[in-house]
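2 protein chains.
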Amino acid sequence: MEKKICITFSFVGTAYCGYQVQKNGVSVQETLGAAAKELFGFPCDITGCSRTDSGVHARAFVATIARRGEDVLPTEIPISHVPRALNAHLPRDIAVKKAKWVSSAFHARYDAKAKEYEYLFYDGKERDPFFEGRAFAVRPISAASLAAMREAARQFVGTHDFSAFCAASPDKEEKNKTRTVRYAELRRKGDMISFRVAADGFLYHMVRIMAGTLFAVAAGKIDPADIAAVLESKDRARAGMTAPAEGLYLNKVFY
Amino acid sequence: MEKKICITFSFVGTAYCGYQVQKNGVSVQETLGAAAKELFGFPCDITGCSRTDSGVHARAFVATIARRGEDVLPTEIPISHVPRALNAHLPRDIAVKKAKWVSSAFHARYDAKAKEYEYLFYDGKERDPFFEGRAFAVRPISAASLAAMREAARQFVGTHDFSAFCAASPDKEEKNKTRTVRYAELRRKGDMISFRVAADGFLYHMVRIMAGTLFAVAAGKIDPADIAAVLESKDRARAGMTAPAEGLYLNKVFY
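Chains as they are written, first to last, in numbering that gives the first Met the number 0: chain A, 0 to 254; chain B, 0 to 254.
With the rest of the complex left out, here is chain A:
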């Protein structure tokens, strides 16, 4: 069977221009590509599960590694050694957690059945240096405002046209804006509010616009009862702002 390697890795996105190779700045993809070339001895194609923005983090990003232009990875290195061996060539803000063989036909992005993202709001009175660049710092959110955010988030769940929660993509525009959100939950833990959302797919900036909309709900600028109407309108201008990238984490990919 023709095979390539599939890795699961986490990264702190602060120093990167995003996952995908860009003209400006260093991407996670090219950093992984350089490490793979060092380890396997030839140029590799790294195919990721998602194109995350500059500054976005990942706890379990998935990507495949194959020899450039082919869909196979010829190597004698035992698969169980691959995470540590790749990590030896990676900077400290990227870490491969797991590696396994997958068939050449597998595609990290197109075969994903669902993904879970998490968005962190930090609402402590003063900033927290340990969450610098790792959460969106907002004014204190009351219990009533959190309840309103929850009411709003519940309306994201289900199958909807998310045009109102989608920015114009720098890549080719997706025509079908309908996605199915499995869950959208808010939890407070100390001064941190976590918004976890899973869907069969996400449009460009979708989670960040959802988070920005919840932020507007907390600030009393959007009525949580209006979320259904915002979805219905398909009007980006009716949703909230695009919340900063630094609060966003790709948590999990389901295949």
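Derived from the structure by calculation, the hints contain no laboratory data.
Hints are supplied without guarantee of correctness; some may be wrong.
[To be verified] Under the rule of at most 25 Å between Cα atoms (straight-line distance), these lysine-lysine pairs were calculated in the PhoX-like manner:
#1 B:K36 x B:K99
#2 B:K188 x A:K97
#3 A:K251 x B:K188
#4 A:K188 x B:K251
#5 A:K171 x A:K233
#6 B:K36 x B:K97
#7 B:K97 x A:K188
#8 B:K124 x A:K97
Assemble the complex: chain A is given as a structure, and chain B must be docked to it using the hints.
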């Protein structure tokens, strides 16, 4: 009443040569001093509760601010504005959380009745980029090893001569090496093991040597039943290594 300002602040210690002003590298103390000078308009003395090592972090460090050479701080700035106003002059890895007026007689270090430190061991199979520089990465620790660490930690509790858990200080040597440990607890949370220890005072490197000793216990190099004998020996060579600074957090100061 003669008064000065007492602040509580947190910092990520990675970029600093420690709390106290040193010949080499930037210290937290001088960074705070520069911010205080900017805010209050004159040079200030910053007196901290502790002298933490290079790379050590703090969640609630305490320090007083007074005009240089005096024990008073003349200012019209309302005390409730001080945290945010100081933060405006501080880098993102230091954040003032609280400020209050204290009497000129108050001393952040000598008046501390007890302190709590926390030491973080990360024992995930592969490294975690989110804890880079913020925990001591160790090999996976079994439930049995954790139980042994707990047994060892229990023996730190109480009043003991901690000479075996003390490094030669770069400052003046403290003659009395007897300290009272109030609690010494280990808790696992996912891939992280937290060691929290509170005492009426800590000798130079004491928590890091305690952590290094627990690490040696986990590795089977020190028998947990021998900790009492190690204390008794007053011999630094019988305790474990000095665990890396990056795992250490000053959590709380009790007055």
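Hints, one by one, checked against the model:
Only pairs whose Cα atoms come within 25 Å are accepted, and K36 of chain B paired with K99 of chain B is accepted, the gap being roughly 18 Å. Pair hint K188 of chain B plus K97 of chain A holds up; C-alpha atoms about 21 Å apart against a cutoff of 25 Å. Our distance criterion of 25 Å between C-alpha atoms is met by K251 of chain A and K188 of chain B, whose separation comes to about 20 Å. Using a Cα cut-off of 25 Å, the hinted pair K188 of chain A and K251 of chain B holds, with the two alpha carbons roughly 20 Å apart.
For the hint linking K171 of chain A to K233 of chain A, the alpha-carbon distance of about 19 Å falls within 25 Å, and the restraint holds. The hinted pair formed by K36 of chain B and K97 of chain B meets the criterion: a straight-line CA distance of about 18 Å does not exceed 25 Å. Between the alpha carbons of K97 of chain B and K188 of chain A the distance comes to roughly 21 Å, so the proposed pair stays at or under 25 Å and holds. The hinted pair formed by K124 of chain B and K97 of chain A meets the criterion: a straight-line CA distance of about 9 Å does not exceed 25 Å.
In this structure, every one of the numbered hints holds.
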